[in-house]
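Peer 1: Let the hints inform the model, and build the full structure from the sequences given.
Here the sequence shown stands for residues 1 to 155, numbered as in our numbering.
The set of hints was computed from the structure by calculation and includes no laboratory data.
It is possible that part of the hints are untrue.
[Said to hold, decoys possible] Below 27 Å or equal to it, Euclidean Cα-Cα: the simulated DSS-like pairs (lysine-lysine) are:
1. 17 to 97
2. 16 to 2
3. 17 to 90
4. 17 to 6
5. 96 to 6
6. 96 to 16
7. 17 to 2
8. 97 to 6
9. 16 to 6
10. 6 to 90
11. 16 to 90
12. 96 to 17
13. 16 to 97
14. 90 to 2
Owing to the predicted nature of the structure, the values given are computational and were not obtained by experimental measurement.
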Amino acid sequence: MKLDWKVLAPEGVSAKKEAAWTGAAVAASTLWSLTFLLRLRTERAAAEPESAAGRVVSLMSFHTMLGTALLGFYLVALGMAVLAMWHYAKLRQNAKKERALDPREAHWRALTMPILGICAAVTATTVVYFVYRGLFASYREHLSELFNAALHLEG
Numbered sequence: 001m002k003l004d005w006k007v008l009a010p011e012g013v014s015a016k017k018e019a020a021w022t023g024a025a026v027a028a029s030t031l032w033s034l035t036f037l038l039r040l041r042t043e044r045a046a047a048e049p050e051s052a053a054g055r056v057v058s059l060m061s062f063h064t065m066l067g068t069a070l071l072g073f074y075l076v077a078l079g080m081a082v083l084a085m086w087h088y089a090k091l092r093q094n095a096k097k098e099r100a101l102d103p104r105e106a107h108w109r110a111l112t113m114p115i116l117g118i119c120a121a122v123t124a125t126t127v128v129y130f131v132y133r134g135l136f137a138s139y140r141e142h143l144s145e146l147f148n149a150a151l152h153l154e155g
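Peer 2: Laid out in structure tokens, this is it:
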């Protein structure tokens, strides 16, 4: 079955281009999310030697370390809402020039690509969030092991 891109967006709008731009935006958001790894590396460089020496250290919380890492995904989802509004405006403009579409088809054309874009952004956000949550948990466990090993060496 071949996908008919023309029915996924209003007349005069390229659903393929919208899908490509949405994919690029999600990819850019994923790159932006790597700021979490930079904050994790910075904290690890400071905390690891202290923990290995058996000293108590103050650590960032997960949400503080996460910071704005997921912001790009939120902006993509917001952009999809704007895209849906633009699609409806385009449909209205086309209806004045040509025949009006069946209401079901009009809603389908206006909302398909924005909904798919929101789904892509939410899926990427969820995956990135849980991957980073896992990395954070393993980092904390590693620091705890270093700290406990240092205490056992002293005692």
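Peer 1: CA of residue 97 to CA of residue 6, is that 27 Å or under?
Peer 2: Given that 27 Å is the threshold and the Cα spacing comes to 18 Å, the pair holds.
Peer 1: Within 27 Å, alpha carbon to alpha carbon, are residue 96 and residue 16?
Peer 2: holds, 25 Å
Peer 1: Regarding the pair residue 90 and residue 2, is the alpha-carbon distance no greater than 27 Å?
Peer 2: holds, 26 Å
Peer 1: Has the given pair, residue 16 with residue 6, been kept, meaning a C-alpha gap of at most 27 Å?
Peer 2: holds, 9 Å
Peer 1: Within a Cα-Cα threshold of 27 Å, do residue 17 and residue 2 meet the stated pairing?
Peer 2: holds, 17 Å
Peer 1: Given the hint that residue 17 pairs with residue 90, test it: the Cα-Cα distance must not exceed 27 Å.
Peer 2: Between residue 17 and residue 90 the Cα gap is close to 16 Å, so the pair holds against 27 Å.
Peer 1: Compare the distance between the alpha carbons of residue 96 and residue 17 with 27 Å, and conclude whether the hinted pair is satisfied.
Peer 2: holds, 25 Å
Peer 1: Given the hint that residue 17 pairs with residue 97, does the C-alpha gap stay at or below 27 Å?
Peer 2: Holds, because 24 Å separates the two Cα atoms, which is no more than 27 Å.
Peer 1: Given the hinted pair residue 17 and residue 6, is their Cα-Cα distance within 27 Å?
Peer 2: holds, 11 Å
Peer 1: With a cut-off of 27 Å on the C-alpha distance, tell me whether residue 6 and residue 90 pass.
Peer 2: holds, 14 Å
Peer 1: Is residue 16 within 27 Å of residue 2, Cα to Cα?
Peer 2: Status holds; Cα separation ~13 Å.
Peer 1: Holds or violated: are the alpha carbons of residue 96 and residue 6 at most 27 Å from each other?
Peer 2: Given that 27 Å is the threshold and the Cα spacing comes to 20 Å, the pair holds.
Comparing the model with each earlier hint shows no violations; every hint is respected.
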